[in-house]
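Protein chains: 2
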Amino acid sequence: AVEAQTDSAPYTNAQRETADRLIDRALEDDTAWDILESLTTEVGPRLAGSEAEARARDWAARKMKALDFKNVRIETFELPYWSRTRESAEIVAPFAQPLAVAALGGSVATPEGGVEGEIARFETLQDLIDAPMEGLEGKIVFVDEIMTRTQDGSGYGAAVAKRSGAAREAGRRGAAAALIRSVGTDSHRLPHTGMMRYAEGMTPVPAAALSNPDADQLARALRLADGPVRVRLDIGVETRERAISGNVIGEIPGRTDEIIVIGGHLDSWDLGTGAVDDGAGVAVTMAAAKLIDDLTGKPKRTIRVVLWGAEEVGLVGARAYAEAHESELDRHVLASESDFGAGRVWRFQSRFGEAALPKAAAIARVLRRLGVGPGDNNAFGGPDVGPLRAAGVPVFTLAQDGWDYFDLHHTADDTLDKVEPEALKQNVAAWAATVYLASEMEGGFRDHATEGSAAGASR
Amino acid sequence: AVEAQTDSAPYTNAQRETADRLIDRALEDDTAWDILESLTTEVGPRLAGSEAEARARDWAARKMKALDFKNVRIETFELPYWSRTRESAEIVAPFAQPLAVAALGGSVATPEGGVEGEIARFETLQDLIDAPMEGLEGKIVFVDEIMTRTQDGSGYGAAVAKRSGAAREAGRRGAAAALIRSVGTDSHRLPHTGMMRYAEGMTPVPAAALSNPDADQLARALRLADGPVRVRLDIGVETRERAISGNVIGEIPGRTDEIIVIGGHLDSWDLGTGAVDDGAGVAVTMAAAKLIDDLTGKPKRTIRVVLWGAEEVGLVGARAYAEAHESELDRHVLASESDFGAGRVWRFQSRFGEAALPKAAAIARVLRRLGVGPGDNNAFGGPDVGPLRAAGVPVFTLAQDGWDYFDLHHTADDTLDKVEPEALKQNVAAWAATVYLASEMEGGFRDHATEGSAAGASR
Ligand SMILES: [Zn+2]
Ligand SMILES: [Zn+2]
Ligand SMILES: [Zn+2]
Ligand SMILES: [Zn+2]
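The listed protein sequences derive, respectively, from chains B and Y.
The letter at position 348 of the first sequence is residue 356 when you use our numbering, and the numbering goes up by one with no holes.
The letter at position 100 of the second sequence is residue 108 when you use our numbering, and the numbering goes up by one with no holes.
No lab work stands behind these hints: they were computed from the structure.
Among the hints, a few may not be true.
When chains are identical, the list treats them as one kind, so a pair holds in a single copy or across two.
Taking lysine to aspartate or glutamate pairs in the DMTMM-like style, the calculated list, with each CA pair at most 25 angstroms apart, reads [said to hold, decoys possible]: (1) LYS306 / ASP38; (2) LYS73 / ASP234; (3) LYS73 / GLU59; (4) LYS306 / GLU266; (5) LYS426 / GLU131; (6) LYS426 / GLU98; (7) LYS147 / GLU50; (8) LYS426 / ASP412; (9) LYS78 / ASP138; (10) LYS308 / ASP425; (11) LYS308 / GLU98.
Generate the whole structure from the sequences, applying the supplied hints.
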């Protein structure tokens, strides 16, 4: 599988051969699966700030040491804590029946016994935003907006706006509560949770997501009923002003002081075991780094695996890392997080300086045999590398097929059985080859103007 | 679509044309969908003996009258009542996490706060049956047997044995509780409930089903743990010795006193809205009878639609009907229940007397254009016509494609969105043509020896 090298290739023949050997090995390597199985089984759900997330950090540090990572450490930080204690909903009249519902992260509780109100349905969030300020007092607002299924996850941005928006607009209008159709593409009675935030200074109203079949059912009930449809929503929450989370860090030390950051986030929503969000990212990046460590000599750049804490509740670990490591950000030559499930990688995207684009093309070339196509230079890089990206650190994305991702995302169904072992191996292969080549390539990935400094800032 | 008639065809050219017109009309008719939408939305879940099942009976009688059925009546009967009031399970040690679980119908409650015990896993029910009588005291037995996915539902018979068998064998051995892997073929965290029964004279132990992903998880935990895995199971139930259920009956009266019984069961498990089990059967058979009423003259035989009550908890309505109608069973010339979901009909099976087999072949011929193939003469006929079949009434089965049926069966996911409208129409077409032809054909479907009497009994 070794092609003839052109003069312009930013790697040597030997490096290309090593990348190919990494791919060969990754496709036969069970390490990622073993890591993922261990995390999702031995820890299970790991809500940010919870005792379970603390167990996940201990698990991660142990696992990193067992895999011979160096400089293994836990960097803790504080955050507010939220968890659900109860949640239920039912149509009270005219067609009494239960509805499957999940509180949204950050929601306030209802009074014990719930709130009951007439349903006011809006087909889209925009319809609610456009609604008059009067007429919703005491009602339960229901934003029924449907998410679009896409390969690249582009449906999410539009769909997720209602997660905070519904409660904000409901609160502004004196409504009793906000219900949304789940931000998800499946048809199972497993609602999708996720973080929401209230607007400053407004009365917070309880907010919850109906599963898609339950949103269908509520919409049908509204259509078939002669009069108003009344729903009761009961939510209990536990909150603490301060809890502990942390990032777990381990390294394959390099020959220089330059750093490549890769990883996934360690926390998960409480409903599932966080296999695709984001156990897979944890497993793939750990396994890729381990494979490089096993197969190549000491890399030129340090490969730093960061398992981010408290991603789900607002990228708390990402900000804590950027703060704690501010002084060495200019030595961060590249960063990426795997956080889009366990589907096969289908394209390589960069966010490099102009001068480094041949390096992106060269990496993409090596990945072709994995079915990975070339992408643009607008890589997102992953949520937890946002502060690094904002500080000018180049990023890449090994874009995964996300067709099914939002069937599972933030539901009880996010479990190990949903992961295809062969797809996981393909991910490890792509990550190992990419990170290895990026580690060895001459020169960095920034614009020349900003090379070696963080002054480039948020592109 | 009218073929040349052969001399041997047991229908006239005009009847064949009418059957074809019924099929044409059924494929454009929304009646079944409207019925199913109304039942699953306006009534929703309808547990046997519950107030919701009573609402379903009122709904059915109203709907039958609106569709111009004659002799509409509710025939009530008594039954013991069981419902769940709470259910939860968790791995306590070593990997603390919740498990998705549903109490099995008829299970006793645990003490408040649950029972906790070490898991003893058995790969199959037979392994548990073969286990020694000692060694399981105080443990929680886990029967992890996997169900086979099949088109014709033949995997169910083997898989369902554990639903009663696990608790029986656990109870005999002094175990604290019984857990089973759901009798189902999906990979969602929605456990499958269903009825179980204790053996006479034995200590009843609480019994519940884990969803398939949770059974996977528990099996993995057992494999990855160094020592025992402990689980807590908490089940609450409400029982009453006597509750009311009933069959709802409506007719398209015929020109003779002979009767063809068709229908579906009105009750459903509580977790879903009973769209595929068995709202579809209710809707298809009502819509087929209505179409015959609208399109043909008065049929020779009365088409009696029976919407059975309390099927799920032990065919209580079936037995009540056979008792109440004992004196007219010899005038029941044919019976069938649609109770295998909403998938397309793929074959026609009869259980006719030898002399009537040309009639089966003739009906099958008419159904060919619907993609329905010929079947054998061993039709089951449906659960609620069991007592009729046992009394010698010939039955038929319009066998539905059940490939996905046990993904949904007895779960919260049994909802309207799982039904394909076009498949529902194809069902109505097959039922309308079959029932119309059977109603008009000369002579009956029994053996000549038993023709006109119930003496043939259980073939
Ligand atoms: Zn994530
Ligand atoms: Zn997430
Ligand atoms: Zn059924
Ligand atoms: Zn059933």
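Hints, one by one, checked against the model:
{"no.": "1", "hint": "LYS306 / ASP38", "result": "within (23 angstroms within a copy, 69 angstroms between copies)"}
{"no.": "2", "hint": "LYS73 / ASP234", "result": "between (65 angstroms within a copy, 20 angstroms between copies)"}
{"no.": "3", "hint": "LYS73 / GLU59", "result": "within (21 angstroms within a copy, 59 angstroms between copies)"}
{"no.": "4", "hint": "LYS306 / GLU266", "result": "within (13 angstroms within a copy, 89 angstroms between copies)"}
{"no.": "5", "hint": "LYS426 / GLU131", "result": "between (31 angstroms within a copy, 22 angstroms between copies)"}
{"no.": "6", "hint": "LYS426 / GLU98", "result": "between (30 angstroms within a copy, 21 angstroms between copies)"}
{"no.": "7", "hint": "LYS147 / GLU50", "result": "between (43 angstroms within a copy, 21 angstroms between copies)"}
{"no.": "8", "hint": "LYS426 / ASP412", "result": "both (10 angstroms within a copy, 18 angstroms between copies)"}
{"no.": "9", "hint": "LYS78 / ASP138", "result": "neither (55 angstroms within a copy, 51 angstroms between copies)"}
{"no.": "10", "hint": "LYS308 / ASP425", "result": "neither (37 angstroms within a copy, 55 angstroms between copies)"}
{"no.": "11", "hint": "LYS308 / GLU98", "result": "neither (60 angstroms within a copy, 47 angstroms between copies)"}
Going through the hint list in order, the structure does not satisfy hints 9, 10 and 11.
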